[in-house]
Amino acid sequence: MKEKDRGKEEEILKILEDNARISDEEIAKMVGMEKEEVKQSISELEDRGVIKGYKAVINPDKAGIETVQALIDVKVSSERNAGYDNVAERISRFPEVKSVRLVSGEYDLSVLVEGNTMREVAYFVAEKISSLEQVRNTVTHFLLKSYKENGKIYEEEEKGKRLAVTL
Amino acid sequence: MKSEIIADRVKGLEGSGIRKFFDVAQQMEGAISLGVGEPDFVTPWSIREACIFSLEKGYTSYTSNWGLLELREALSDRVYKESGVYYEPEGEILITTGVSEAFDLALRAIVNPGDEIVLHEPSYVSYKPCTVFAAGTPVCVDTEIEDEFKLRAEKLKEKITEHTKAVILSYPNNPTGATLSRKDLEEIADVVNEHDLLVISDEVYGKLTYEGKHTCFSSLNGMKERTILLNGFSKAYAMTGWRLGYAAGNKEIIEAMMKIHQYIMLCAPITAQMAAMEALRTNDEMERMVSEYNRRRRLMVEGLREIGLSCFEPKGAFYTFPSIENTGLTSEEFAKRLLLEERVVVIPGSVFGACGEGFIRCAYAVSQYQIREALERMEKFLERLRI
Ligand SMILES: Cc1ncc(COP(=O)(O)O)c(C=O)c1O
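Chains as they are written, first to last, in this note's numbering: chain E, 1 to 167; chain Y, 168 to 554.
Hints are computed from structural coordinates only; laboratory data are not their basis.
Among chain E residues calculated to face chain Y with C-beta under 8 Å, some are: (1) I15; (2) E26; (3) K29; (4) M30; (5) G32; (6) K159; (7) G160; (8) R162; (9) L163; (10) A164; (11) V165; (12) T166; (13) L167.
Note that the structure is predicted; figures quoted are calculated from it, not measured.
Note that beta-carbon positions come from the ideal geometry of N, C-alpha and C, so glycine has one too.
Hey, can you work out the whole structure from these sequences and the hints?
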């Protein structure tokens with residue numbers, strides 16, 4: 001890819017990351033491309049798996065959605081051939097699991113689990129994660145409140161008001 | 168009481184007619200304002216946080232009249248890295264309360280009554296009055312859309328007399344968004360040399376250059392000695408309310424400016440100076456804001472063209488300056504009616520000099536959402552005008 005095209009692609013990604021609902025036409029204006037080129041470029045990014053999807057960032061408190069989330073520290077005895085991949089992939093397949101990350105430090109995997117009640121989450125961890133052969137130990141942290149997710153602050157700070165006219 | 172209370176210089180100042188319109192604009196509920204000359208971003212958090220920390224540590228005193236040495240050192244480094252001109256932190260840099268103060272000091276330091284100061288129009292509204300306050304005579308050069316609103320060396324030359332003391336250069340330009348290339352600047356530098364002039368270069372929008380790179384005027388051959396470079400934190404770092412800027416130039420001039428500054432201002436606020444040091448530590452947030460302005464710039468320019476206004480392509484600052492000539496309205500009528508009928512605030516071009524007539528200034532330092540909404544309202548207004 002030419003350097004210039006790569007720049008435009010990055011620019012498209014930045015725009016979408018901020019607002020995925022913006023029209024191709026407006027993106028085209030902002031990056032100086034034709035609308036068709038933008039369309040093409042985005043579908044390529046989707047095909048290559050660079051864009052994995054488009055989601056709204058929802059504040060569950062405001063939406064009145066009562067879910068429970070917990071971060072689970074998981075200590076794993078790594079396997080000879082597969083390292084952590086096998087067990088991580090296995091955990092990833094559960095729909096209750098929202099993210100799985102390999103981390104440095106005392107524990108190996110950091111797993112985000114979501115359920116309807118604390119009980120449900122606790123059972124899930126005990127039955128589906130702790131019980132795995134390679135898992136040596138887990139610690140569960142229930143999330144109490146979220147201040148910022150995916151780069152978005154939930155309770156936006158109050159912004160000072162500018163004058164309508166300044167020369 | 169004396170019958171003549173107010174000094175002639177002040178009384179003679181024009182511009183009150185438009186003030187009523189601005190008052191209405193300030194009050195109008197539900198208006199979208201493209202009339203704002205400052206960033207819509209709040210100062211980046213790391214800068215605000217550094218300021219709060221400085222207060223907690225008790226930095227609440229005066230500083231050296233020159234400004235904190237550490238800040239002058241950081242500025243000296245920054246200017247050197249970015250434009251290759253070296254200013255000594257001690258003696259060649261003065262920290263001021265905004266470019267506004269620095270500009271006033273510059274004029275007062277160099278102008279004798281009757282000296283002529285050449286300035287190009289359309290441009291920032293303060294230049295002419297400040298020149299008058301400093302007992303100088305402003306001499307205006309019109310710049311034209313056909314010339315991309317550039318100050319051309321030949322046109323500058325025509326205005327030079329034996330009384331000319333200095334030229335004000337203001338690029339990237341408020342209100343047009345015009346920039347000058349290195350070559351354009353070199354041609355001006357030749358005239359400056361030939362006629363033994365000084366230059367006051369207001370580069371407050373320098374960081375907000377979207378095509379090509381901003382050239383600092385004093386970096387041109389031989390120009391450091393002749394130039395008073397003015398810059399600040401207001402626009403690039405979204406710090407308008409902090410009131411912080413600086414002047415850099417040769418020792419003799421900066422020393423003279425410092426003499427005035429120490430009596431009228433003492434020093435720039437220490438809180439703002441502490442924050443500015445943090446601002447200079449990294450450029451990441453600033454660059455993020457600049458790329459966002461650039462997106463909005465394109466959205467705005469394309470949008471204005473689509474609704475039928477011909478629009479010069481601005482390459483810097485955060486203003487567009489579309490022509491409204493084909494509507495048959497004056498720029499003031501246009502702005503007034505647009506405000507009353509569609510509640511969009513724009514600034515009549517005539518505010519920035521007589522040659523700004525026929526244009527309006529629309530700032531794109533507003534969200535993409537507001538740009539869209541404002542353009543829709545303007546389209547409705549224009550459609551009504553055409554019927
Ligand atoms: C061209 C120009 N110079 C200077 C200023 C004032 O800058 P400061 O906030 O640093 O005083 C402005 C503000 O609008 C401006 O547009």
